[in-house]
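**Q** Chains as they are written, first to last, in our numbering: chain A, 1 to 169; chain B, 1 to 396; chain C, 1 to 372; chain D, 1 to 207.
Honestly, the hints are just simulated from the structure, not real lab data.
It cannot be assumed that every hint is accurate.
Here are the simulated DSS-like cross-link-like pairs (lysine-lysine), alpha carbons at most 27 Å apart as the crow flies [to be verified]:
#	chain 1	residue 1	chain 2	residue 2
1	D	Lys104	C	Lys51
2	A	Lys85	C	Lys55
3	A	Lys24	C	Lys172
4	C	Lys299	A	Lys142
5	A	Lys142	D	Lys104
DEER-style ranges, computed between Cβ atoms [unchecked claim]:
#	chain 1	residue 1	chain 2	residue 2	range
6	C	Arg36	A	Pro100	47 to 57 Å
7	A	Arg127	B	Thr135	48 to 58 Å
8	C	Arg36	B	Gly27	17 to 27 Å
9	D	Gln176	C	Gln284	47 to 57 Å
10	D	Pro4	C	Arg36	28 to 38 Å
11	C	Pro18	B	Gly187	29 to 39 Å
12	B	Asp355	C	Pro18	18 to 28 Å
13	C	Asp234	A	Arg127	49 to 59 Å
14	B	Phe310	C	Arg36	53 to 63 Å
15	A	Pro100	C	Arg47	28 to 38 Å
16	B	Cys84	D	Gln176	33 to 43 Å
17	A	Ile162	C	Arg47	41 to 51 Å
All C-beta atoms in this analysis are idealised placements derived from N, C-alpha and C, irrespective of residue type, glycine included.
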Amino acid sequence: MEAAEIYALVRARFPDQVVEIVEKRADPYAVVDPHAIAAICGFLRDDAALAMDCLNNQSGVDYKDRIEVVYHLFSYSHRHSAVLKVRLPRDNPSLASVEPVWNSANWMEREIFDLLGVTFHGHSDMRRILMPEDWPGWPLRKDFVEPLEYHGISTVRESPIIRLDEKKK
Amino acid sequence: MQAWLNRLMVRGAFGAHPIPVLVYAGGIAIACALVLFAIALPFASIVTWVERRVWARIQSRVGPNRVGPNGFLQWLADGLKHVCKEDIIPAEADPRLFKLAPYLVVLAFILPWAVMPFSSSLILADLNVGILYMTAVTALTVVGVLMAGWASNNKWSLIGGVRSAAQVVSYEIPAGLSIFPVVLMTGTLSMQGITRAQGWSPDRWFLFASPFCFAAAIILFVSSLAENNRTPFDLPEAESELVAGFATEYSSMRYLFFFMAEWGNMFVSAAIIVTLYLGGWRFPRVSPSPIAMNLLEFATFNIKVLIIVFVSMWIRGTLPRVRIDQMMSLCWKYFVPIAFVNLIGTAVWVAIWPDGNPFAAWSMLAIGVAGAAFFVRRVVHFARRSRMELYFHPTI
Amino acid sequence: MSTLRTEEMTLNMGPQHPSTHGVLRFVIRTDGEVMREAIPDVGYLHRSIEKIAEKVGYHGFMPYTDRVDYVCAMFTNQAWGMACEKLAGVEVPRRGEYCRVIAAEFNRIASHLLTVGLMGMDIGAMTPFVHALREREMINDLIEELCGARLTFNYMRIGGVAWDLPPGWRDKALAYLEHLEPIVNEFNALFSYNKICIERLAKVAAIGPAEAIDYNLVGPNLRASGVNWDVRRDLPYSVYRDFDFEIPLGSGEWGAIGDAMDRYMMRIRELTQSARILRQALMQIPDGPVLAKVVRNFKPAAGECQVRVESARGDQGWYVVSDGTSYPWRVHVRTGSFAAMGMIQKLSRGLMIADLVVLIASLDVIAPEIDR
Amino acid sequence: MGTPATYFRHLREAVVSIFDGMAVSASHLIRRPYTIQYPDRMPVRVQDTLPFRYRGILDVDLEICTGCLACDRACPIDCIAIAIEKNAATREIVISQFDIDLAKCMYCGLCSEPCPTGAIHHTTEFEGADFSLESLIRRFIADPVVAYKAKKAAEPDVAVADLLTRGMTYVDEWAQPGSDKPSAPPAVPAATKAAVAPVVPVPVPGK
């Protein structure tokens, strides 16, 4: 099934929750209402015609004015894929977890929480995964400033090269 | 030796009025020290070098070849290195037990040398319960290992120690049961008695005496691998699971003791197998001189032992490690029943042919030779199939 | 036995542990030898590669992709190249695509050799490990001649590859493939079909097909569970359409379907399939340029794309967002090891400590790929 | 364990497979080890056995450096620092600094790729261990030098002709974007051939 048909089916089922469908791209996507994400994902997985049995990729993107969480879905039984997007505000973004729908979301949501600060409620184990527990800030946000030291360990190494030519770079 | 000391005493070698007990004690002490420092410790050390070279060749590598000719002195360098290292005792460990454990392990490795039948007269004490003594004292290792695992106060060490205890205690049973067929056939427990009951030619070794003996010898060999914590039964120190098992917290000389004992024990258990099943030191009587004969017998015994040790190195270079439950099921479901069958079978065999059955011996020997020939064919097959260059020189 | 009071023990395994491939850490709750649970703790090798991508530009990020999965860096190279080409609509010359496939398949063999060798080491047999690494060295020699590096290849560029095949390389590569097959048989006789090996691996941590899909397992791990899916065949990229090869599937012939033995054998079987692809690719390689014209200041149009590449550790998804400048806005890599690692906590329940080591090795998790 | 049949099947499988495995490992006892005894027991230095494309420590031939800064721009980690000044009168470029921080360099080869003359190139040298990070900085320029400039005339400068040949051979190894290079690249000049051909006593697979 083509991506457009999938989005049409989703729109038919959730007419108000699908915000936008962008088709003229390499990978077309649908933007959906964050409050309905768990329901839409449940529908996508359980509907026999769609049967999106695999959450292939889940990632977050910080667009400076908003944060998007992107779901790349895939169906091994029908061999088709779809992309869902959710737009969230940058202050305290939070979203329903899709872990009850696909177990693979567990770690990917932890990663998004760790690096972008999106909280997923309904997640079984919302902890930092890659960064240390006490790391300040969300590293993949565009306004993140790396602390100069962490527990007394310097995080930067001064370049030993002194550039004579200061204009460049 | 007692007679020899008596003669010296009569000649006045120890003064006018020697006290015999002291002389005997001194003599035994000197002899023990000789065996220990001239044979046991160098053997245990040198064999580490041999093992590393054999292992390396199996793995297409070269192995240690820098210290001395072909790396022969590597063992000395390693020993020196270990002695020079800091002896660390963890703060949370039980210091007394922690220090005691390596000595117990070394003790278990030294004691069996007392009854080691190197040749017809080179034996410290030909106890009439020699083989029983041997199995009893080698089992002491487990006390040391368990103690080391417990005293280290490290969970990995503890698991290693407990695994070792489970393993050694379990495999004592098939090992013991595999000794009895020979005892049944010879009616003696003395090491020399068992050796003398066999001949120098393979058809008069107990290995080929009957199918039961053959199976018993294999079980004894595998059990001895397990008792010495050798691959495929190196669970107590399982490097990839338990870091270094019971030896995790040890360093310096104490660590060396554990591994000296491990390699030394290879010699001890190989000696048991050689004595029981491979004709011991028996050699055809080619010279009337007792000294020459003893030397030849000594060489025969050691070569046989080294071949068994080599096989165990070779197994170490081939097989993966079994899991603890498989190790247990191998012992209790396979070895113990088979060992019992061997025991009963041998009893029946001895009842039918009290003096052995030469036909059975020759056919067993033929089967053995055929197996070896087939094995060589497989080796040639694999060597030919691969496109790697052949290289027969033992060193590089 | 129910009256026997036992106490649970908490063990810390890693990050410095001989068999936690790289720097993984597990907190293990065990009851004697049997584990209640192993809780993975990752992040010890986190180098913020996704953040670096936002700072170094499209061309400059290529050497960093080597570090995403340094055991099979060709695939990360290729995925990054493909993502950029998809964003900017660059067409790679056919010879370039062939060079990519040849390099990548050699890398797959090298990576699988490492995996099967590590499996040997993890269950206590050193010899298979050294033999596998010896073979890997020979491949590294070939790749070194091709691109000048043995581990972090940086062979591919946006629009093709950086070097053409050197003179005489094709014959050497074909000769190596001739050498590989008897070695694989020998390896099987030495290790794979060894009774102890089969006993250790069979029936350990079996994963059913539905479960594997649900946890997003990919690549050989997924196929070991019987799911017939290979990106090279089902979403063909590059020139994989030109080749005739089989996708081995797990059958559970040693125990349960999708057990550690199935996953292990999947790699052994893919060795020969990769050799088959390589032989065809080396014979069919066309003439022509290997690198398309791509401007130095590479600025794809604003947009986003996802590419999927069948790496040695399975379907690797690269999600790249471009905002039209010369720096990518966001790069996200979804790797096979990350998904597999997320499953270990569930699979570890009821296994023995020795089985955890087997489980890690059979899932072929590589720390840099998890942490990135 | 199951039936007696499976019991004996297990036994037989174990014996047969261990027998075969032992045969394989025994067959390796009579094969030549693969080890290269780096660094001392080799007939030739290992550096001389490495392929021409090997990406070792960077070297710069200042005599043919054009001062175009392409390498500086291409470096993803800024480990190259070049300072140039354009002399408006003579239209010459004066290079006053050319530093490479080898501690930072990741040997990716992106700098030598755009070099027009092959001045900056990877050598086969890789032994870079040193006692301080400072000593890993290679400073190629003590006093400012005038950058090389390709002459319009056909005759290249005799003094740098050899360097240029070497440099251009190096450049030719790289795939040129869009160029229709022949499938088998031209034979490498004799000087580099020794480096390409394997001289090590390495068992070449398939021989």
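**Q** When the structure is checked against the list of hints, which entries are broken? Sort them ascending.
**A** Of the numbered hints given earlier, those the structure breaks are 3, 6, 8, 9, 11, 12, 13, 14, 16, 17, listed in rising order.
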